[in-house]
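Enquirer: All chains, please: the whole structure from these sequences, using the hints.
Protein chains: 2
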Amino acid sequence: MQTLNTTPKADGFWMPGEFEPHAGCWMLWPERPDVWRNGGKPAQRAYAQVAMAIAEFEPVTMGVSATQYEHARHMLPESIRIVEISYDDAWLRDVGPTMVINAQGEVRGVDWYFNAWGGLHSGQYFPWDKDELVAQKLLEMERFDRYRAPLILEGGSIHVDGEGTLLVTEQCLLHPNRNPKLRQADIEAYLKDYLNVEVVIWLGEGVHNDETNGHVDNLCCFIRPGEVALTWTDDERDPQHEISMDAYQRLLAAVDAKGRKLAIHKIHQPDPMFITDKEARGIDIMPTSSLRNASKPLAGSYINFYIANGGIIAPQFNDHRDQKALETLRVLFPQHKIVGIPLARDILLGGGNIHCITQQIPLGKNS
Amino acid sequence: MQTLNTTPKADGFWMPGEFEPHAGCWMLWPERPDVWRNGGKPAQRAYAQVAMAIAEFEPVTMGVSATQYEHARHMLPESIRIVEISYDDAWLRDVGPTMVINAQGEVRGVDWYFNAWGGLHSGQYFPWDKDELVAQKLLEMERFDRYRAPLILEGGSIHVDGEGTLLVTEQCLLHPNRNPKLRQADIEAYLKDYLNVEVVIWLGEGVHNDETNGHVDNLCCFIRPGEVALTWTDDERDPQHEISMDAYQRLLAAVDAKGRKLAIHKIHQPDPMFITDKEARGIDIMPTSSLRNASKPLAGSYINFYIANGGIIAPQFNDHRDQKALETLRVLFPQHKIVGIPLARDILLGGGNIHCITQQIPLGKNS
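From first to last, the protein sequence lines are chains A and B.
Quick note: the first sequence uses my numbering, first residue 1, plus one each step.
Quick note: the second sequence uses my numbering, first residue 1, plus one each step.
Do not take every clue at face value.
Since the list gives no way to pick out one identical chain from another, each pair is judged satisfied if it fits inside one copy or across any two copies.
As the list claims (entries may be wrong) - Derived lysine to aspartate or glutamate pairs resembling DMTMM-like cross-links, with alpha carbons at most 25 angstroms apart: (1) K9 / E78; (2) K130 / E70; (3) K296 / D322; (4) K41 / E70; (5) K365 / E58; (6) K365 / D145; (7) K365 / E106; (8) K278 / D322; (9) K258 / D11; (10) K266 / D235.
Think of the hints as simulated: they come from the structure by calculation, not from any bench.
Expert: Following this line, the structure appears as structure tokens:
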């Protein structure tokens, strides 16, 4: 692995859309008991359900700590590759690299800086030194060259159409706990250099109560160039109503890099959810991570799905809107098989969902 | 990675000679302070010298623990791939897989059982649970299918000609601290099944004072089919004289799988070496490993070299016979560049040498 001193844009590389062909998908195995209830066992079952669902469509690699290696090997079928790696928690979308590709089909990775979603004062845990190395280790293991982007950023805070357009939220990318010394124009310039996009569509806030400071991947995503899906609520008393309405209006006003207006597909969110007493009692209280106590609200959203090669892996919450969400996805992705993950609540309890725990590797001649 | 229930022989796979083309080489990074003096720093410099020498000829992957990852990344050039892996000590030849290949160029790995060269009572350290998983992890990372051989065996105790002939020592393979319940005929049957050889040449003892119980790779190796190199001493008072003479006579009497008599090339060993007081003072004394105290004899041998693609990486001991050994290797390998490793003593201090810390991956269509 070479660490390059140029930028993807300068070298003719760009981030492709998630709906473009993948070589495979990477994940990390959950285990820390101050985030995941009952020693991580319910989350591990949920992650295994996601991994096995994706593995129906593309190769999956699960990064696993030395201590959990044999247990994960026992929990997952042989078709899923397991590799040893150390990490602080299991959010490969956010700690992994953002992969870029060029016209010749070469694949490289962008390694962002990471501060556990907000650093010492408002981040989720301390330390995050192992997370910080995950992207580099993944790229080196898979023999991809690496760009080191001079920006604190998580993969869940960006979505692209692969044709020059980027979706982000102001709440996250301009949050003072990420890159306080950079102005919006500086950040936009870096995004254009490292993702090779021409148009950045700035949404406002992310999903209400999202502990990532509003990652776009829980709010809104491209389903193909020119079309986005947006989490929605009809309940005007829910703070999410104003957030989604604001996003909707910004999306309506936007023009993408190809000069298109966007088609916007709403997916109604599940009913409000909270950590239960019983769930909270299963979570270790430790000084090194933020408290996950009973009644803490959960930022549930059907937008947090993963697009595999020919499959959509989507969260289910045992909610009366689950079926409708799957039906909408069936309409939006008529060429894909839609797979619901019944255990997704146990991912949400940790603060994210299926998109947050996955990262696609684009199909290229070196991937 | 699939774990197969068949054998290489049944599936038409065999172990190729080390002198056949490689996809690359794997190593592990030394660090344990009860084996390696001065916190492992001199050994790390020696391993780095070996890795960089091999990297001139073929790709090198260095497995490194989480704690040493960044230090190793700093010590090694970017051309050497570093991957995180946990291990008990740094002898990839012995804890890694033995790679096999078939006529279609498919590559698979044989994962032997490992007991730290002798188990609880006469092995080198306890525990060895991390070492036991290294072969499996390597195969899974590199996407090779795996055979699990029902035998305690280290890669350093076997050498093949790639044409049906295997070299081993009775001292090691029949030692009661390896597979005490198996008779010689059982062991030979397993070797034939898992390496797909027809003729096993049993030498007697390995190098005097070798703490592996006489690994063949410190005593004798194939340099090509029909030709072997043997460590030698003219000093009849040295116990090694009788050992090498016995090996010589057995080799003279042997007929290989192709019906050939063997050409035997002697390489005179360096003068006797011992751990110095100063070296011993740099080694931690711990209850979990065998004592490496001052005056402990070292089993130095020029046979413990690595054959890379077009290069021979050979130990040097600051001994008056170093140059002669290199000259002999130049004659034996006229097509190879011969590279001496001046820091090899710091590998020998840990109980082995260049061949013991390397493992070739044959060139195949999936490697």
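Enquirer: Against this structure, judge whether each hint is valid.
Expert: Against the structure, the hints come out as follows:
1. K9 / E78: between (38 angstroms within a copy, 23 angstroms between copies)
2. K130 / E70: both (20 angstroms within a copy, 11 angstroms between copies)
3. K296 / D322: within (22 angstroms within a copy, 70 angstroms between copies)
4. K41 / E70: within (14 angstroms within a copy, 31 angstroms between copies)
5. K365 / E58: both (16 angstroms within a copy, 21 angstroms between copies)
6. K365 / D145: both (13 angstroms within a copy, 23 angstroms between copies)
7. K365 / E106: both (6 angstroms within a copy, 20 angstroms between copies)
8. K278 / D322: within (23 angstroms within a copy, 71 angstroms between copies)
9. K258 / D11: within (21 angstroms within a copy, 55 angstroms between copies)
10. K266 / D235: within (14 angstroms within a copy, 87 angstroms between copies)
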